[in-house]
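The numbering of the sequence shown is my numbering, which starts it at 3 and goes up by one.
Treat the hints loosely; a few may be bogus.
As the list claims (entries may be wrong) - Computed beta-carbon distance windows for the label pairs: (1) S42 - M3: 36 to 42 Å; (2) D56 - E116: 31 to 37 Å; (3) S38 - Q155: 34 to 40 Å; (4) A135 - G84: 30 to 36 Å; (5) R102 - R52: 19 to 25 Å.
Just so you know, these hints were derived from the structure itself, not from any lab.
Every residue gets a Cβ at the ideal spot worked out from N, C-alpha and C, and that includes glycine.
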Amino acid sequence: MRVLGIDPGVARLGFGVVEEVGGRLRALDFGVVRTSPEDSLVKRLGFIHRQVEDLLDRWTPDLLAMEEVFFQRNVSSALAVGHVRGAILVAAFARGLEVRGFPPHLVKMAVTGEARANKAQVQHMVQLLLRLAEGMAADAADALAVAICSLNQMPFLEALERQR
Numbered sequence: 003m004r005v006l007g008i009d010p011g012v013a014r015l016g017f018g019v020v021e022e023v024g025g026r027l028r029a030l031d032f033g034v035v036r037t038s039p040e041d042s043l044v045k046r047l048g049f050i051h052r053q054v055e056d057l058l059d060r061w062t063p064d065l066l067a068m069e070e071v072f073f074q075r076n077v078s079s080a081l082a083v084g085h086v087r088g089a090i091l092v093a094a095f096a097r098g099l100e101v102r103g104f105p106p107h108l109v110k111m112a113v114t115g116e117a118r119a120n121k122a123q124v125q126h127m128v129q130l131l132l133r134l135a136e137g138m139a140a141d142a143a144d145a146l147a148v149a150i151c152s153l154n155q156m157p158f159l160e161a162l163e164r165q166r
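Using the sequences and the hints given, assemble the complete structure.
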């Protein structure tokens with residue numbers, strides 16, 4: 003099973019491709035898509051959409067997993083990230099790809115065992131779980147964590163499907 007994990011953002015979008023084979027996880031690719039604040043939102047969304055399409059074409063994932071948006075204060079940031087999520091969903095829909103969303107606390111719990119883990123803790127555990135060198139961007143680590151979370155959920159979801 004191969005999953006493209008995404009940590010959506012307008013300025014920085016983290017991505018990570020994780021594959022599970024025989025119970026072992028390995029990172030195939032990860033990084034950050036950056037957009038310029040000087041560009042219009044439409045141009046930034048178009049760029050993000052094309053980059054996600056390229057990732058989908060390159061890695062042909064079985065699933066796209068995305069962190070859900072959680073903002074307490076800044077409504078305009080939440081709205082902009084919502085637009086980014088929409089651009090990503092359109093790319094996934096065009097390929098008939100299943101998309102699953104995960105709230106931040108569940109992603110943190112899946113990789114650290116602690117729902118309130120900080121970014122450094124998530125980054126450290128992602129590096130350990132995927133046997134990666136230090137120094138990856140926090141946004142990429144978050145995207146890999148989303149992919150790990152979705153892969154950890156698979157046995158549970160498959161068991162539920164068998165019960166139906």
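request  = Could you tell me whether the CB distance from R102 to R52 stays inside 19 to 25 Å?
outcome  = holds (23 Å)
task = Given the range 36 to 42 Å, decide if the beta-carbon distance of S42 to M3 lies inside it.
result = Distance hint for S42, M3 holds at roughly 37 Å.
inquiry  = Tell me if the beta carbons of S38 and Q155 are separated by a distance inside 34 to 40 Å.
reply    = holds (35 Å)
ask   = So the hint says 31 to 37 Å: do the beta-carbon atoms of D56 and E116 match that?
value = The hint (31 to 37 Å, Cβ to Cβ) holds, given that D56 and E116 are roughly 34 Å apart.
query = Taking the CB of A135 and the CB of G84, does the distance hold inside 30 to 36 Å?
reply = holds (34 Å)
Checked against the numbered hints above, the structure breaks none of them.
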